[in-house]
Amino acid sequence: MDKVIEIADRAVADYGFRQAVLYGADDVARRWELSDQETSVLETTVLQRLSALPIPVQPEDVPGEQARLAEMIREADQG
Amino acid sequence: MAGRMENKVVIVTGGGSGIGRATCYRLRQEGAKVVVADRNQAGAEETRELMEGNDQNSAVSRVDISRSSQVKQMVEDTVSKFGRLDGLVNGAAILIRTPPLVDVEDVDWDLTMDTNLKGTFYCCKYAIPAMLEHGGGSIVNISSMSGVRGVAYSVPYAVSKAGVIHLTKVAAAQYTHQGVRVNCIAPGGIDTPQMRGSTASAETFQERNVEHPMGRVGRPDEVANLITWLTSEEASYVSGSTYIIDGGAWALAT
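Heads up: the sequence lines are chains P and V, in that order.
Residue 96, in our numbering, is where the first sequence stops; the numbers in between run on with no holes.
Residue 403, in our numbering, is where the second sequence stops; the numbers in between run on with no holes.
Only chain P is shown next, with the shape it has when bound in the complex (with noise of 0.2 angstroms):
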């Protein structure tokens, strides 16, 4: 799920990249070359959370939501 993780971070912390995942996930797990599972988990999990975030997510706030939805991801492909 590093890819995902990766994909997730650079959304939490750019609002416009937020915007190609939350209305272009298919085409971003194309250029990341994502497996079935985890393009799952972007498509469920990380745009779930990406939804609900502020615009923008202020500087001193995108470590910890970062952290959090890393968490997300790894509990998703455990479950």
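Please note that a few of the clues may not be correct.
[To be verified] Footprint (simulated), chain V over chain P, 3 or more residues, beta carbon under 8 angstroms:
(1) 20–34
(2) 38–44
(3) 50–60
These aren't lab readings, by the way, just hints derived from the structure by calculation.
Glycine is no exception: its CB is placed at the ideal position from the N, C-alpha and C atoms.
Based on the hints, put chain V in the right spot on chain P.
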């Protein structure tokens, strides 16, 4: 009294938020039939509600403008539903902040160019023939002051927006004589989700407000007013032009 755009059919890409949303609303106020086009369908539906659109005067088109087949379908569906196409506002765009040029990643360049420049090209490509069927129309491309001057925060965004300006000139040179006017606007800082997101912090956004010569950034409805004028017959002698709308910031800086 009939509005300036009474019964004209206009597609607005990026209509789900920001300038695109304000433009949909303004065009609808002027009597246009508006197709709210966006890959964010929920946002597009919200725009349609806000402008009190119904099945006779509006439609929502979920479209990723980087995909030519989807753009082609969007135009075909519009003409099929409303019988014609008179206007196109190319507002869909993404802004990914990047490091300086030598560290820009391919994926950020490609994602940006595919939407901002290739997408605008596709929309013009498929809209122009539809407009020519009924004698012409008007296209307004939304560039940015990032496309006019050098910027530090996004290389691909700035280059894509510069490309939109030139695409406008080329299209105008080729199609004005057939009745399709093509113009461009270059907004400065406008209070939209994209701008708030790209400034990356509430503090930076507030600094942009305070430092501006007018003491504030622009509003989406102010940009929508310009777009509506350019789309209407009141701008019948305007083609190939780029209008800076930035509250005077560029004039004061140069």
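A quick look at each hint next to the structure:
Three residues within the 8 angstroms Cβ limit are the bar, and the stretch 20–34 of chain P against chain V gives 4, so the coverage statement holds. Coverage of the stretch 38–44 of chain P by chain V holds [criterion: at least 3 residues with CB-CB distance below 8 angstroms; count 4]. As drawn, the stretch 50–60 of chain P meets chain V at 0 residues by the rule of a beta-carbon pair under 8 angstroms; below three, the given contact is violated.
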